[in-house]
Amino acid sequence: DAGITQSPRHKVTETGTPVTLRCHQTENHRYMYWYRQDPGHGLRLIHYSYGVKDTDKGEVSDGYSVSRSKTEDFLLTLESATSSQTSVYFCAMGLAVNTGELFFGEGSRLTVL
Amino acid sequence: EDQVTQSPEALRLQEGESSSLNCSYTVSGLRGLFWYRQDPGKGPEFLFTLYSAGEEKEKERLKATLTKKESFLHITAPKPEDSATYLCAVQATTDKLIFGTGTRLQVFP
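First to last, the protein sequences are chains F and Z.
Start counting the first sequence at 1; every next residue gets the next number (the working numbering).
Start counting the second sequence at 1001; every next residue gets the next number (the working numbering).
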């Protein structure tokens, strides 16, 4: 009964191809986030959303775009994937925009060859 | 520069051997400190929020404490199922949330 799911869970793609990761939540939370997790780094915020069609950049947003057309769905797109975007991507939701109490999905492992 | 450092990077304990994980931070102003547990191949799971020095929170064998410069996650009589990576995150008054790199805990029977 996970309230937040990500798809795909695993993806291998080639440099230069577009990739879209999907996050779906059933909790009606207003705030959603995309993070990436890499060895030697803490989780780093890519983009976040504070409502339908309202999004903003995080600290590592270059090369990524997001869209949120419905409360329950938050999409992360890599327009032209690069090897430096090989990572594990986590979607999260929160009850407030500036909360540190986040509920994470199980992650999407992306490998860019 | 706002910074969060967790130590040790890895910790191996025998079942029942109590220990502590450290999260030290440097931020312009603290709004909150958060602890998460992350199992392999899973997303982080929220454990605790601490807001001010002197505050403590407990959950089963875990107790989190906070001072003005660091937080400790004390694990009392750990069990193998406590094995996980424990993440600390600090929210500054700028609202930026900064995650540490985590402590990987292994508890052996």
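It is possible that some hints are incorrect.
Unchecked claim - Which residues of chain F face chain Z? A few of them, derived with a C-beta cut under 8 Å, are:
id: 1; residue: 31
id: 2; residue: 40
id: 3; residue: 41
id: 4; residue: 42
id: 5; residue: 64
id: 6; residue: 67
id: 7; residue: 101
id: 8; residue: 104
id: 9; residue: 105
id: 10; residue: 106
id: 11; residue: 107
Claimed, not checked - Just the calculated beta-carbon pair ranges, DEER-fashion:
id: 12; chain 1: F; residue 1: 52; chain 2: Z; residue 2: 1060; range: 35 to 41 Å
id: 13; chain 1: Z; residue 1: 1022; chain 2: F; residue 2: 26; range: 35 to 41 Å
id: 14; chain 1: F; residue 1: 82; chain 2: Z; residue 2: 1041; range: 34 to 40 Å
id: 15; chain 1: F; residue 1: 40; chain 2: Z; residue 2: 1106; range: 17 to 23 Å
id: 16; chain 1: Z; residue 1: 1020; chain 2: F; residue 2: 26; range: 36 to 42 Å
If you are wondering where the hints come from, they were derived from the structure by calculation, not from laboratory data.
As the structure is a prediction and not an experimental result, all values here were calculated from the model.
All C-beta atoms in this analysis are idealised placements derived from N, C-alpha and C, irrespective of residue type, glycine included.
Verdict for residue 1022 of chain Z, residue 26 of chain F (Cβ pair) under range 35 to 41 Å: For residue 26 of chain F against residue 1022 of chain Z, whose Cβ atoms are near 37 Å apart, the range 35 to 41 Å holds.
Restraint check, 8 Å cut-off on beta carbons, for residue 42 of chain F near chain Z: 3 Å, holds
Hint check: 8 Å Cβ-Cβ cutoff, residue 105 of chain F to chain Z: 5 Å, holds
Closest C-beta approach of residue 67 of chain F to chain Z relative to 8 Å, hint status: 21 Å, violated
Residue hint residue 64 of chain F, partner chain Z, criterion CB-CB below 8 Å: 18 Å, violated
Distance restraint evaluation - residue 52 of chain F, residue 1060 of chain Z, Cβ atoms, bounds 35 to 41 Å: 38 Å, holds
Residue 1020 of chain Z versus residue 26 of chain F beta-carbon gap, inside 36 to 42 Å or not: 37 Å, holds
Cut-off 8 Å, beta-carbon criterion: hint that residue 31 of chain F touches chain Z: Status violated, d = 12 Å.
When the least beta-carbon distance from residue 104 of chain F to chain Z is tested against 8 Å, hint result: Holds, because the Cβ-Cβ distance from residue 104 of chain F to chain Z comes to roughly 3 Å (cut-off 8 Å).
Hinted contact residue 106 of chain F with chain Z - closest CB pair below 8 Å: 5 Å, holds
Interface hint compliance - residue 40 of chain F to chain Z, C-beta minimum distance less than 8 Å: 6 Å, holds
Satisfaction of the residue 107 of chain F interface hint, Cβ to chain Z closer than 8 Å: 5 Å, holds
In the structure shown, a violation is registered for the earlier hints numbered 1, 5, 6, 14, in ascending order.
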